[in-house]
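Here are the chains, one letter per residue:
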Amino acid sequence: MSKVKNIETDNLGRPVEATTKKTGMGIKASRRISNIIVYAILVLITVIWLFPFVGIVFDSFRMESTSQVSYLIPKQWGFGNYINLFTKTDFLKWFLNTALMGVATSVIQTVFVLSMSYVLSRMRFKGRKGLMNIMLILGMFPGFLTLILIYKVFSDLHLTEGMAPLGLIIVYCASSGMGYYVSKGFFDTIPKSLDEAARVDGATRFQVFYKVIMPLSKPIVIYTMLMGFMAPWGDFMMASYIIHENNEGMNVAVGMYEWLSRTMLNTTYTRFCAAGVTVSIPVVAVFLALQKYYVQGVTGGAVKG
Amino acid sequence: MKKLTTLQYLKLNRFQKFGYNFVDFLASIPGWFVKLGVAIWNLIKKFGLWIKEDVVDTCRTFKRGDWVIKLSFLVMGLGNLVNGQILRGILFLLFELVFFTYMFVPTGGIYWIKKCQFFTRDTIGTQPPVEVYDPIKDVYVTTYFDDSTKVLLYGLISIVFILAFIYTWHLQIKQCSTILKIKEGGGKLKGTKDDLKSMLDEQFHKTLLALPIVGITMFTVLPIIFMVLIAFTSFDATADGYKNLYSWVGWDNFNKIFDTGVGGLGLVFGELLSWTLIWSFFATFTNYFLGMAVAMLINKKGIKIKKFWRTVLVMTIAIPQFVSLLYVARLFDAPALNIDGSVGEGGGIIGRLLLQLKLIPQSMIADKQFSLWQNATSARILVIIINIWIGIPYVMLMATGILMNIPADLYESAKIDGANPWQQFTRITLPYMLFVTGPYLLTNFVGNLNNFNVIYLLTGGAPSKTQVGAVPGAVGETDLLITWLFKITTGSTSDYKTASVVGILIFVVVAVLSLIVYNVIPSNRNEEDFR
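Chains A and B supply the protein sequences, listed in that same order.
Mapping of the first sequence onto numbering that gives the first Met the number 0: residues 0 to 304, in sequence order.
Mapping of the second sequence onto numbering that gives the first Met the number 0: residues 0 to 530, in sequence order.
Hints are computed from structural coordinates only; laboratory data are not their basis.
For each residue, glycine too, the CB sits at the ideal point set by N, CA and C.
Please note that a few of the clues may not be correct.
Unchecked claim - Computed Cβ-Cβ distance ranges for the label pairs, DEER-style:
1. Thr262/A with Pro127/B: 36 to 42 Å
2. Val199/A with Lys45/B: 34 to 40 Å
3. Ile133/A with Gly262/B: 47 to 53 Å
4. Val199/A with Leu11/B: 47 to 53 Å
To be verified - Distance condition first, Cα-Cα at most 27 Å in a straight line; then the derived DSS-like pairs of lysine-lysine:
5. Lys303/B with Lys291/A
6. Lys113/B with Lys151/A
7. Lys51/B with Lys69/B
8. Lys44/B with Lys128/A
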């Protein structure tokens, strides 16, 4: 984002220097009007986008009722929902489970993804194309179905239910090599002549990887780690299958899902909001801090496919 | 169809070009099958040649080798061991020992493969549980023997093991042949030290790939093969493989899902598939165009605090989806109604407002549907709208970067030719975007086909379908195939066989779509349109 923020552009996204400069009141006035319209739209978008988030924060501080109400601003403010959340429920356990999964997945997945993408991008060997095609085809199957077997095996190994976080880390990481596309796109952009120069100087391939390419790859390493960290926080599908309604092993998504079900809504609505805010704070903080790298990844990945 | 020359093609307008490409695509389909046939034939021929060469090479190695080499045909790794490649030799030998031990112990590989009863319509596993009366305690005691799932898994692993053994044996023979050649022609054999060194150098790719590939094999390839096999069995909640063994049923499950008659799942599957495709289409393209529009608004000259606007939008990416989606879904809930028909307590803020402002259509009120979630059509529209809220930021971020890359001189010359902003958009910006983001659109479309989170967290598939007959899982009007799959496999009535069939069909849909998209849209010709 920082890459583009300072460049003034017109509505078609081209740099301003490139447009022909015409002077005259008519153009200036019409530009001002169009800018006002654009501002109005952007403000409207901001309101729509932030309304739910403001709502959830207000609801989390609401003390007078635990259910949904028809007004936005609480009549009575307080931390009661948060205190209840940590003292009367298993939320802390779920939160720590998820945080553990986030950190572990972030590190392990990065090793898997970077090895795979580095090899596919910068090395040529027999079977490379075949390997890529196989992974493309495997990716077309709904990954969820692999859980039928994995659950069976894991439950014999005691990696489900109470120990689900451990099992889920394995599930998230083991096949993560298949998501190599974005980082391969990144490695593709590093000139090959760098490798060749180092090889001529007598570096082994490992040294090229470790001493030449890795120092240049900070953005993609951070992007991959960020993705790995975010995934367990949002995962409901796989997690709920492996956890199998066991309180000990729940992640936040599965644990909190019940609180907004229509049967429990009236007693746990504000509790859900407090939990939602608590969960969002670390994730949003990490995300906004590393936003720059996320944008680079998204843009690069989209262009290269 | 008449083939156009490049010049004629360039004279067509955009729609004619698309039409031309489309007809071209249709006309080329028979050609594909021919090509596919030729490709397969070539592959077989190549494979045959390879086998022939290989057999010749193997025979020569056996003939010309000394007794050590000859013996290594039986004792793997002997050739390596004697010639100083200690590490390789030990690994080969170890693998052979493990393989034969596993295969021929009483409950080893052969035992499991036999138990699978492949190519029959019998049960998987041969010993169902036995109930025995215990006269002392006066109860029936059940003893469990085979578990079909386990039998099938061990059988599968054993087959994989056999294939791996054949491959390794072949590899070992090849190495013997290399040893022979080097000995005859002179030169130095690689020792253990060289092998270890090359793992970080010439063979570094193998070192890096080892872990990811083992992971993918164990957690994706094997489970997917297993899943495909399950589609041909009767595995479900009653025949769970443990209390009741399940058996091979051939194509029965596939027949059932295409059977549109009574008792078949054809109608439900058809409805779900068409809604999934409709949803995917709208979810992808509304996000795409609106996201691009927002990106252009923020990029507009003279707009201040660009970073702020972007950050606001990015919040929906940063906040975990289950928090935002579950919360937003409840915002649209309807309040309870008082006896006199006035709006009562509860419900979400927006749901209340819609009811109070009488924005809920009369026809829905008449059916006692007071929130948008309770009607099939309105719920479907609402999920698409809320998905815009979730999806625009991704496209906005991506489009911002791409829009900057459009060469400015294109606009320059367009302006000189008298193009207005709309023409500039449709003739330059849009084609460029479409060309550059073609692969992204496809990925996004496929992602939306399998967009579990948005649907399941917003509606859970509700409102439920009426008149569907006996269908596994509670099917709803907004259910996608993937959420149906989830419902089938969880809960008390797990129907794994149907789930596997649906999974395979999702694969077919995705594969066909990818094939079509790659062949029609981003052709090289289009690139020349604006370059």
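Quick rundown of the hints versus the structure:
no. : hint                               : result
1   : Thr262/A with Pro127/B: 36 to 42 Å : 40 Å, holds
2   : Val199/A with Lys45/B: 34 to 40 Å  : 36 Å, holds
3   : Ile133/A with Gly262/B: 47 to 53 Å : 38 Å, violated
4   : Val199/A with Leu11/B: 47 to 53 Å  : 52 Å, holds
5   : Lys303/B with Lys291/A             : 19 Å, holds
6   : Lys113/B with Lys151/A             : 22 Å, holds
7   : Lys51/B with Lys69/B               : 20 Å, holds
8   : Lys44/B with Lys128/A              : 20 Å, holds
In the structure shown, a violation is registered for the earlier hint numbered 3 alone.
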